[in-house]
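A.B. asks: Top to bottom, those sequences are chains A and B. Everything in the first sequence is counted per this note's numbering, starting at 1 for the first residue and increasing by one. Everything in the second sequence is counted per this note's numbering, starting at 1001 for the first residue and increasing by one.
It should be emphasised that the hints constitute simulated quantities derived from the structure, not laboratory data. Just so you know, even glycine gets a beta-carbon here, dropped at the ideal spot from N, CA and C. Watch out, some of these pointers could steer you wrong.
As the list claims (entries may be wrong) - Some chain A residues judged to face chain B by a derived CB distance under 10 Å, without partners named:
hint, residue
1, Ala24
2, Gly25
3, Ser28
4, Gly91
5, Pro99
6, Asn134
7, Thr138
8, Ile153
9, Asn154
To be verified - Just a sample of chain B residues kept apart from chain A, beta carbon distances all over 10 Å, derived:
hint, residue
10, Asp1009
11, Glu1068
12, Met1122
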Amino acid sequence: MNGVITVGMADFKTATAPDLLLTAGLGSCIGICIHDPFLKVGGMAHIMLPTANGSLGGNPAKYADTALVLLLKEISGMGALKSRLKAKMAGGAQMFSFPGKPPVLKIGDRNAEAVEQELKRHGIPLLVADVGGNFGRTIHFDVGTGELRIRTINHGEKVV
Amino acid sequence: MEITQLQLDALREIGNVGSGHAATALSTLLQRRIDMSVPEVWAVPFEQVTSIVGQLDTPQAVIYVKVEGEASGKAVFFFPVESAEIVVKALFGTNETMDLYNEMAQSALKEVGNILVSSFIMALTQFSGIPLQPSVPALAVDMIGATLDAIFLEEGVLEDTVLFIDTQLTGIPKIEGQFIFLPDDGSLKKLLGAMGV
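So here's chain B without its partners, still in its complex pose:
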């Protein structure tokens, strides 16, 4: 569907509020002040997402959550492995680099990812009034292209538009990540309609 400037502004606001929630939750979890900013928001056809993420075989930590409710879809948060390593180190309060395939590191990443994804879902609900429930998270540390194609293609009819929110965390050095919401067919219209844009 075509997205108007007004709708994009509304989506950007959701991105800002979602980032705010995410920063608060992460500050609590990591016991230090974290700020988040949203440099960019896109609503693009899903085939273009791969051009936004850059090199398709760059390894990233990808957290994937299914969203249920009246405006169902799939939500994804991903960050470069360097950022994931910093988050895991901060979480365990260690200076040693942890192997991201280690079980402890993976469950930590799932937890952090879950918090971040839920923050954006919460913002979507807040603005639209439509209750949405995220599933338990699944994690893959692998090539970004490979993980995204699997998410796009796995079950269900997707809307051709993907909401894409670029996020930057400051407070721990060099953390960046991206949030994607892939609405199921009809969900985006419902969300925007409920927001009156």
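This is chain A alone, in the form it adopts within the complex:
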């Protein structure tokens, strides 16, 4: 039986196979999943905003740029090689829309863009980006196989 490690909002965790990483109820937030397929270790971060320049301050795990640095540091500490790392991400939805008022600031899209850029900056290939839409996602990441299971309430379930 695999262990399931839960990643909270503005939080990050690492795991070794066969354990799974889980984060529940991603809206405009994004779950970043990274693993080393050779060593079968990996991690997940549940980020809320693109960069720490935002207004919320505090916790570095809250932001795409700083959370990724934390995550990479910890995965490297477990012996993973940066050149072997692969990434997947899910989330970044736009949950609400007001009639006649286009949202000024699509935070979900901005989050997805920021994660993509940061991964590129670190030279980590992004294999899957299941982002956008107007629905929430719960994700399970298998650090051994790299399989990402994405569950939704009204838009089915898939493994990518």
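Fit chain B to the given chain A structure using the hints.
C.D. replies: Here is chain B on its own, set in the frame of chain A:
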């Protein structure tokens, strides 16, 4: 900001009065007697809200309204899908369960949510004397964590304190819901100041 016991009592009173308004409005709409009670009121940092709501991927019907005025913010009313289904059934006077993603059901839920949110906004205005105007409501029937994170993060600088009012409706079986007010930066101080606490 730190909330004193006296301030919390004042907020609880707003919760009680808001629930009273909501019960009256809902009784009229559904043509039956509805009572509401407020078992709990919290004023918590917004990151703790997710621990109060429980499992983050539980589906809930979430009605979100932007509040404008001198003490602006965001107001949210949400209930479990089972409760939402009961409300919709009562509203359409049917015994058949309606799909909550159906357009009719969604507009009914928006209307009910709007009434409930407005009831609490009205209570805030009543106690503080600060006029507040709710926007048209937006609705999502989805994972509670996903909807709340989107509301927290969408535009504007939020105060780190969230007013949280637990509500129970009796009169139709098994209805419960929760009201959240997320004050914009400085709004909570203004509201409490205007109430003299």
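A.B. asks: Now, for every hint given, state plainly whether the structure supports it.
C.D. replies: Results of checking the hints against the structure:
1. Ala24: holds (4 Å)
2. Gly25: Constraint on Gly25 of chain A satisfied, holds at 2 Å.
3. Ser28: holds (4 Å)
4. Gly91: holds (8 Å)
5. Pro99: holds (6 Å)
6. Asn134: holds (7 Å)
7. Thr138: holds (4 Å)
8. Ile153: holds (5 Å)
9. Asn154: With a minimum Cβ separation of about 6 Å from chain B (threshold 10 Å), the hint on Asn154 of chain A holds.
10. Asp1009: holds (29 Å)
11. Glu1068: Consistent with the label, Glu1068 of chain B stays out of reach of chain A, its closest Cβ about 13 Å off (over 10 Å).
12. Met1122: About 21 Å separates Met1122 of chain B from the closest Cβ of chain A, which puts it past 10 Å; holds.
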